[in-house]
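Quick mapping for you: the protein sequence lines, in order, are chains A and B.
Whatever position you read off the first sequence (first residue = 1), add 648 for my numbering.
Whatever position you read off the second sequence (first residue = 1), add 648 for my numbering.
These are computed hints drawn from the structure, not numbers from a lab.
Watch out, some of these pointers could steer you wrong.
Taking lysine-lysine and the DSS-like style, the derived pairs with C-alpha atoms no more than 27 Å apart in a straight line are [claimed, not checked]: (1) B/660 <-> A/921; (2) B/704 <-> A/894; (3) B/693 <-> B/660.
Stretch-level coverage of chain A by chain B, calculated; a stretch enters the list once three of its residues show a Cβ under 8 Å from a Cβ in chain B [what the hints assert, rightly or not]: (4) 741-749; (5) 796-802.
C-beta atoms are modelled at their ideal positions from N, C-alpha and C, and glycine is treated no differently.
There are 2 protein chains.
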Amino acid sequence: MDAMTLARPHGKPLDRIMDVVRDDMAAVDAILTEQLNSSTDLIPKVAAHLIAAGGKRVRPVLTLASARLCGYEGYDAVRLAAAVEFIHTATLLHDDVVDGSATRRGRPAANRLWGNKPTILVGDFLFSRAFQLMVETGSVEVLRILSAASAIIAEGEVMQLATANNLATTEGDHLAVIRAKTAALFAAATEVGGALAGASPARIEGLRVYGDCLGIAFQLADDALDYAGEAGATGKDAGDDFREGKVTAPVLNAFASARDDAERAFWRRVIEKNDQEDGDLERAVDLMRRDGAVERTREQARAYGARAKAALDVFDPSSLRDDLRDLVAYVVDRDR
Amino acid sequence: MDAMTLARPHGKPLDRIMDVVRDDMAAVDAILTEQLNSSTDLIPKVAAHLIAAGGKRVRPVLTLASARLCGYEGYDAVRLAAAVEFIHTATLLHDDVVDGSATRRGRPAANRLWGNKPTILVGDFLFSRAFQLMVETGSVEVLRILSAASAIIAEGEVMQLATANNLATTEGDHLAVIRAKTAALFAAATEVGGALAGASPARIEGLRVYGDCLGIAFQLADDALDYAGEAGATGKDAGDDFREGKVTAPVLNAFASARDDAERAFWRRVIEKNDQEDGDLERAVDLMRRDGAVERTREQARAYGARAKAALDVFDPSSLRDDLRDLVAYVVDRDR
């Protein structure tokens with residue numbers, strides 16, 4: 649290890665936060681495995697396929713770190729972090745059925761391996777298990793926060809059905825979908841950490857806003873990556889959103905920047921009609937590059953990132969607070 | 649009204665119980681409508697299609713009656729009854745997707761009208777709303793009971809995937825599916841009524857056993873009806889289970905009574921291979937009649953019904969207790 653790496657916090661922000669909550673995360677992983685126990689072996693198989701595939705475990709880490717930032721070190725944070733990850737996994741399973749996904753986290757999606765039926769039902773099971781874990785904390789407030797978030801997530805998924813393949817979607821509508829579909833669980837994950845710790849209302853609200861804005865930034869960065877990244881460890885293939893005709897922020901930016909009817913017709917064909925041919929993705933990326941559509945999405949992500957960072961002002965300076973702030977740039981500027 | 653009808657409690661048991669809790673049920677219906685409010689109009693449309701179609705509302709009535717039997721008359725019973733109905737509706741929506749159902753309660757199933765995607769997601773939404781309603785009661789015990797029941801229901805649905813079209817299913821396996829899929833919610837519906845009222849552990853347990861056994865009896869009666877009833881107000885068409893190749897109690901009884909290889913081959917073809925032709929349903933019904941397969945299922949239902957009635961011994965005599973006992977025979981011997 650050389651002087652330079654010693655002079656500043658080393659490692660990626662998520663890894664540094666992970667270091668702080670490492671023991672708790674090991675306990676979370678133990679719960680995630682234990683709680684799949686069932687009288688039917690299909691449940692652990694389908695669920696473990698997705699859970700074992702990893703993912704970044706960002707949401708449970710946020711719950712643990714938020715509780716820790718408020719001085720809480722008890723076991724209930726572990727239960728809640730596991731509950732948050734189960735809710736996330738349940739929504740991914742249902743998403744894959746709804747989207748007819750082929751892959752997830754670089755592996756075949758559960759619906760492709762076991763079919764839609766077990767995938768739907770195992771999602772329902774994980775969702776119920778999540779609530780059982782919350783009940784174990786005995787905190788009605790925590791249950792209030794996470795049941796509200798779950799309803800909002802489902803609403804967001806339904807809203808997305810209406811905006812999918814629809815270029816008349818406004819930026820506001822699209823933001824509402826992102827906020828509900830993705831940011832609601834981030835916001836609940838951080839808020840429950842503070843609630844569990846019995847933090848002041850101002851700090852709990854600070855954590856909620858941090859999670860909300862980080863979640864929006866995360867999703868916008870994800871949207872940008874689809875037109876800029878490469879297939880990588882996250883299992884997200886560049887162009888996946890495009891092939892599904894998904895209306896994402898870069899697409900809305902590009903459509904708004906279209907210079908003539910031919911370009912608008914191109915977007916309508918590939919996105920609204922989802923009628924695509926060889927070379928279309930390349931043309932889409934070229935048009936986006938010309939008009940800075942992806943870069944503008946990243947700027948929007950950075951703006952939300954800045955709000956996330958500011959929301960932590962209500963906490964005293966600490967290395968964990970710094971790490972949570974650094975996580976913002978890491979999430980926004982990640983290249984996969 | 650003649651002397652005879654005046655001499656005994658008149659009306660069907662469910663109607664008599666409904667009379668006792670009529671005001672509360674009106675409040676439940678109000679919640680079921682109110683709580684569908686959403687920023688997206690697809691949610692109330694899909695959910696109301698099923699909820700407005702009626703159904704017998706047996707489960708919420710059981711929650712209200714159980715709470716009342718324990719002396720509770722507060723508003724939280726209304727919230728819980730609505731939560732129970734939302735959980736039930738959510739499972740029906742997911743069931744219809746999983747089974748590819750064509751009809752439900754005599755109307756086209758939601759998946760046929762709106763497709764699988766909204767049907768799955770609206771189910772998720774209702775499930776979350778159910779938990780939000782439970783949270784409003786502030787009772788962690790109630791949340792514990794209903795989240796455990798929800799996990800068991802999902803497990804039961806997954807178990808059913810393994811027993812479907814499988815004539816090697818044992819009577820015990822089939823009972824385990826029924827108990828998880830159907831009886832768990834009946835048992836939770838009655839148990840939470842007692843828990844909310846702060847009843848003694850013995851009475852709460854009595855209510856739980858009543859719901860469990862009533863639920864099993866209900867499902868066995870339903871299985872019997874498929875081979876004996878006629879399409880009616882419940883929207884269940886006779887032969888639906890048969891056409892799906894469902895392994896139900898009458899089918900298992902009939903298969904066990906088969907007299908030769910030709911009969912066993914018949915059951916394997918129509919149920920396991922689900923390869924059916926004109927006249928097969930009639931032959932199945934004839935074989936069942938010859939061997940008393942449906943009647944035996946009704947006897948099994950009556951045996952569970954007797955256990956349900958006995959479980960209420962722990963309560964002092966009252967007309968409501970009598971009505972709940974009479975409900976058993978009504979459920980078991982209904983003809984639609």
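Status of the hints after comparison with the structure:
1. Under the criterion of a C-alpha separation no larger than 27 Å, the hint pairing residue 660 of chain B with residue 921 of chain A is inconsistent with the structure, at around 55 Å.
2. Distance hint between residue 704 of chain B and residue 894 of chain A is unfulfilled; the C-alpha atoms sit about 41 Å from each other, more than 27 Å.
3. Straight-line distance between C-alpha atoms of residue 693 of chain B and residue 660 of chain B comes to about 32 Å, which puts the hinted pair past the 27 Å bound.
4. By the rule of at least three residues with a Cβ nearer than 8 Å to a Cβ of chain B, the coverage given for the region 741-749 of chain A holds, with 3 such residues.
5. Closer than 8 Å: that is the beta-carbon criterion, and the region 796-802 of chain A has 5 residues meeting it against chain B, so the requirement of 3 holds.
Figure legend: structure checked against the earlier numbered hints; hints not met, in rising order: 1, 2 and 3.
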